[in-house]
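Colleague: These protein sequences, in sequence, are chains A and B.
Under the working numbering, the first residue of the first sequence carries the number 1, and numbering increases by one thereafter.
Under the working numbering, the first residue of the second sequence carries the number 1, and numbering increases by one thereafter.
Some clues are possibly wrong.
Listed below are several chain B residues computed to face chain A (Cβ distance under 8 Å; list not exhaustive) [what the hints assert, rightly or not]: (1) 441; (2) 443; (3) 446.
Which chain B residues stay away from chain A? Per the calculated CB distances, all over 12 Å, these [said to hold, decoys possible]: (4) 17; (5) 50; (6) 190; (7) 252; (8) 311.
Worth flagging that the hints you see were computed from the coordinates, not collected in a lab.
For glycine and all other residues, C-beta sits at the position ideal for the given N, C-alpha and C.
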Amino acid sequence: MDARWLVATAVIVASCGSPPPAAAPLLDATSHRMLLLGSFHFKLQAEGEAQHPPLVQDAEGDVRPPDVFAKADLHQGEVLLEVDLIVVGPAAYLKSFTGGWQQTSPAQLAHYFDVSALFSPDAGLFAALPHTVSPATGKQGSVSGHSTYQISGQLPADVVHSLLPLAAQTGTYPVQYWIDPATNSLWQASLSGPLFDASHSSITFSFSAFDHPVTITPPALG
Amino acid sequence: MTIQLRSPRLPSGNRAVLLGLTSAGLFLGALDAYVVVAALLPMLTAVHIPVNHLERATPIITGFLLGYLAVMPLSGGLSDRFGRLRTFGAALILFAAGSLVTATAVSLSSVVVGRLLQGAGGGALVPVVLALAADLYSGNQRSRVLGWVGGIQEIGSVLGPLWGGVLAASWGWRWIFWLNLPVAGLILWSLWPRVRERPPVQGPADADWLGAALAAAGLGLLTLALYAANPIKSPVGSGFLWQFPAAIVFFVLFVLRERQAPHPLIDVRYFAEARFAGAAATNAIAGAALIVALVYIPLLAEAPTVFGMNSRQAAWLLFRLMIGIPLGAVLGGLLSSALGSWRVVAAGGLLLSGLGFLILSRWDQTALQPHLAVLRAADLQLFVTGLGLGLLIAPVSAALLDVVGESQRGAGASTLVLMRLLGMLVGFSALAGFGLHSFFQATAHLQPPIPGFGVDYAVRLVQYEIRLRQAILDEYHVIFRTTALLCLVGAAVAALTLRRSRPRPG
Numbered sequence: 001m002d003a004r005w006l007v008a009t010a011v012i013v014a015s016c017g018s019p020p021p022a023a024a025p026l027l028d029a030t031s032h033r034m035l036l037l038g039s040f041h042f043k044l045q046a047e048g049e050a051q052h053p054p055l056v057q058d059a060e061g062d063v064r065p066p067d068v069f070a071k072a073d074l075h076q077g078e079v080l081l082e083v084d085l086i087v088v089g090p091a092a093y094l095k096s097f098t099g100g101w102q103q104t105s106p107a108q109l110a111h112y113f114d115v116s117a118l119f120s121p122d123a124g125l126f127a128a129l130p131h132t133v134s135p136a137t138g139k140q141g142s143v144s145g146h147s148t149y150q151i152s153g154q155l156p157a158d159v160v161h162s163l164l165p166l167a168a169q170t171g172t173y174p175v176q177y178w179i180d181p182a183t184n185s186l187w188q189a190s191l192s193g194p195l196f197d198a199s200h201s202s203i204t205f206s207f208s209a210f211d212h213p214v215t216i217t218p219p220a221l222g
Numbered sequence: 001m002t003i004q005l006r007s008p009r010l011p012s013g014n015r016a017v018l019l020g021l022t023s024a025g026l027f028l029g030a031l032d033a034y035v036v037v038a039a040l041l042p043m044l045t046a047v048h049i050p051v052n053h054l055e056r057a058t059p060i061i062t063g064f065l066l067g068y069l070a071v072m073p074l075s076g077g078l079s080d081r082f083g084r085l086r087t088f089g090a091a092l093i094l095f096a097a098g099s100l101v102t103a104t105a106v107s108l109s110s111v112v113v114g115r116l117l118q119g120a121g122g123g124a125l126v127p128v129v130l131a132l133a134a135d136l137y138s139g140n141q142r143s144r145v146l147g148w149v150g151g152i153q154e155i156g157s158v159l160g161p162l163w164g165g166v167l168a169a170s171w172g173w174r175w176i177f178w179l180n181l182p183v184a185g186l187i188l189w190s191l192w193p194r195v196r197e198r199p200p201v202q203g204p205a206d207a208d209w210l211g212a213a214l215a216a217a218g219l220g221l222l223t224l225a226l227y228a229a230n231p232i233k234s235p236v237g238s239g240f241l242w243q244f245p246a247a248i249v250f251f252v253l254f255v256l257r258e259r260q261a262p263h264p265l266i267d268v269r270y271f272a273e274a275r276f277a278g279a280a281a282t283n284a285i286a287g288a289a290l291i292v293a294l295v296y297i298p299l300l301a302e303a304p305t306v307f308g309m310n311s312r313q314a315a316w317l318l319f320r321l322m323i324g325i326p327l328g329a330v331l332g333g334l335l336s337s338a339l340g341s342w343r344v345v346a347a348g349g350l351l352l353s354g355l356g357f358l359i360l361s362r363w364d365q366t367a368l369q370p371h372l373a374v375l376r377a378a379d380l381q382l383f384v385t386g387l388g389l390g391l392l393i394a395p396v397s398a399a400l401l402d403v404v405g406e407s408q409r410g411a412g413a414s415t416l417v418l419m420r421l422l423g424m425l426v427g428f429s430a431l432a433g434f435g436l437h438s439f440f441q442a443t444a445h446l447q448p449p450i451p452g453f454g455v456d457y458a459v460r461l462v463q464y465e466i467r468l469r470q471a472i473l474d475e476y477h478v479i480f481r482t483t484a485l486l487c488l489v490g491a492a493v494a495a496l497t498l499r500r501s502r503p504r505p506g
């Protein structure tokens with residue numbers, strides 16, 4: 001490209017403020033950036049129909065890919081049950097209402113909530129970003145102090161199913177991302193559809209503490 | 001709200017109408033005192049508190065009691081200064097504001113703040129309505145009207161848990177609090193011209209703010225000290241070692257202040273009189289026993305591995321106990337007159353209740369099975385426990401009023417309500433932490449089976465549920481046995497102190 005064009009573009013950009021970024025390249029770049037994170041903190045909050053509350057009400061924890069340490073509140077009948085989850089390498093650990101930590105496997109953890117699948121480097125949320133169908137850049141806004149653009153689109157069912165094994169495997173799921181294009185950082189994302197059973201629910205993820213030092217170690221059992 | 005709309009209002013000059021409307025407000029406040037007990041689990045779920053942290057339900061109960069106790073002693077004096085109906089209006093608005101905060105709460109802290117405000121408003125109503133009744137009626141009529149107002153308060157609190165449980169199960173727990181708003185609004189609207197009126201002669205400013213602040217600080221610290229925020233580690237709060245002594249210091253300062261204040265909130269000199277102190281202590285113990293029944297019967301009924309009831313069924317189960325209270329109260333009055341003794345009836349009531357709690361402490365998951373056709377032993381056991389708690393009301397009140405005299409009847413009735421709530425606050429705060437601590441100790445090594453396939457998992461799940469149920473029952477057994485013991489102590493106190501005064505010489 002001609003150097004004068006670059007200068008001219010830079011001047012126009014500087015004088016008018018940055019134009020909205022194109023959605024698809026931003027999702028690719030953000031996916032790349034988020035997958036390179038050494039660690040991050042996440043929170044998720046689910047909403048659903050009053051009669052059919054989502055299995056996972058909320059969860060929060062630290063991720064040092066692929067290891068995860070998280071607390072999750074699960075709907076069990078009329079009440080919520082808090083479980084503590086640790087995934088270190090191929091091993092998973094669980095602590096529930098009574099008793100101490102027990103060793104299990106990610107496959108068994110999926111009977112509660114396999115939080116490591118959400119952030120798996122191969123098939124997790126960050127890996128799913130480039131698979132977003134017909135992404136469109138929406139309005140600019142601030143998410144927990146970060147300047148972001150809202151990108152909306154659809155995620156194919158098979159992609160969602162690998163994040164949340166209970167999600168139905170047909171159709172597409174509306175998804176929204178809040179991304180800071182200056183740093184390609186995903187600060188917030190929301191996903192909706194039949195995520196846990198046939199009824200409609202939505203999950204909002206928020207991320208923070210990028211690359212803060214985190215150590216995740218296997219807990220003392222018992 | 002405007003004041004042009006006077007004409008369609010009730011003729012509020014009529015004293016029966018005035019008392020009726022204010023009593024309706026009092027009833028609303030009393031109804032909400034224990035309205036949450038059967039709805040606790042859905043409320044916790046709605047504000048995202050998991051059952052692992054059942055201790056966080058404690059402030060929903062103690063918050064209300066604390067607000068009630070902190071404000072109730074002040075409101076009588078305030079109504080002397082600002083007028084009965086103005087103070088009544090302010091208290092009802094506070095109660096309605098607390099209802100609004102609770103109804104719209106999305107976090108535990110807003111539920112607790114809402115309940116605290118509800119307690120403050122509901123507590124403030126009691127002495128004001130009692131004082132208004134005493135203003136409006138005199139002589140023989142006054143005693144009867146005061147008894148009637150006390151009865152409305154009692155019936156409201158008996159019906160509260162049922163009202164809350166039924167609403168929570170059918171429309172959702174938030175309706176319990178939404179429905180207060182139109183009712184409170186209607187009462188306020190009807191009384192508005194009188195609420196707006198300045199009293200013609202303003203009484204002296206005899207509210208003892210310093211005393212109230214000392215009492216509130218002591219009660220707040222005591223509640224914090226006893227609140228087991230981490231029951232796995234400790235049955236009391238982490239700051240217990242400084243909060244508890246600090247609370248005692250505030251209580252000592254409060255007593256010193258009350259002995260010197262020109263218009264004390266509570267005339268502490270009466271406590272030197274054995275009958276007064278005995279009546280107060282008996283009522284506090286009865287309060288502690290009542291709150292144990294109020295909280296733990298619905299919790300046990302709703303525990304998924306024990307009876308697995310919904311809020312409505314749990315509330316009906318508790319109602320078998322609650323209905324015993326007013327019947328016991330009437331019976332206690334008749335028996336006291338017939339036997340010519342307060343201490344026999346009061347001690348007998350607590351003994352009966354203690355026996356009831358002892359039997360209840362032996363319940364297991366078969367306790368609700370029918371024994372004789374439709375009659376269940378459980379129903380009778382619950383009823384008798386409540387009946388005992390009701391029996392002591394009349395003799396304890398009579399003994400206390402005998403000390404303070406007829407002219408101080410309102411103040412005496414307020415003291416009894418205060419002591420009952422104090423017993424509830426302290427008893428529940430202590431037992432809740434103690435119970436959860438023993439539960440978590442008992443289950444520290446009880447590992448739930450991790451879901452999988454095959455017979456093995458199903459068998460282990462059943463085994464786990466049996467052991468979990470036993471741990472829940474064990475916790476409840478300890479709490480009920482402790483309560484039974486407390487009732488026996490109360491019976492001894494009543495038997496020793498509630499003597500009738502000999503006819504005065506001359």
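Colleague: Sort out which numbered hints this structure fails and list those numbers smallest first.
Modeller: Those not satisfied are hints 1, 5 and 8.
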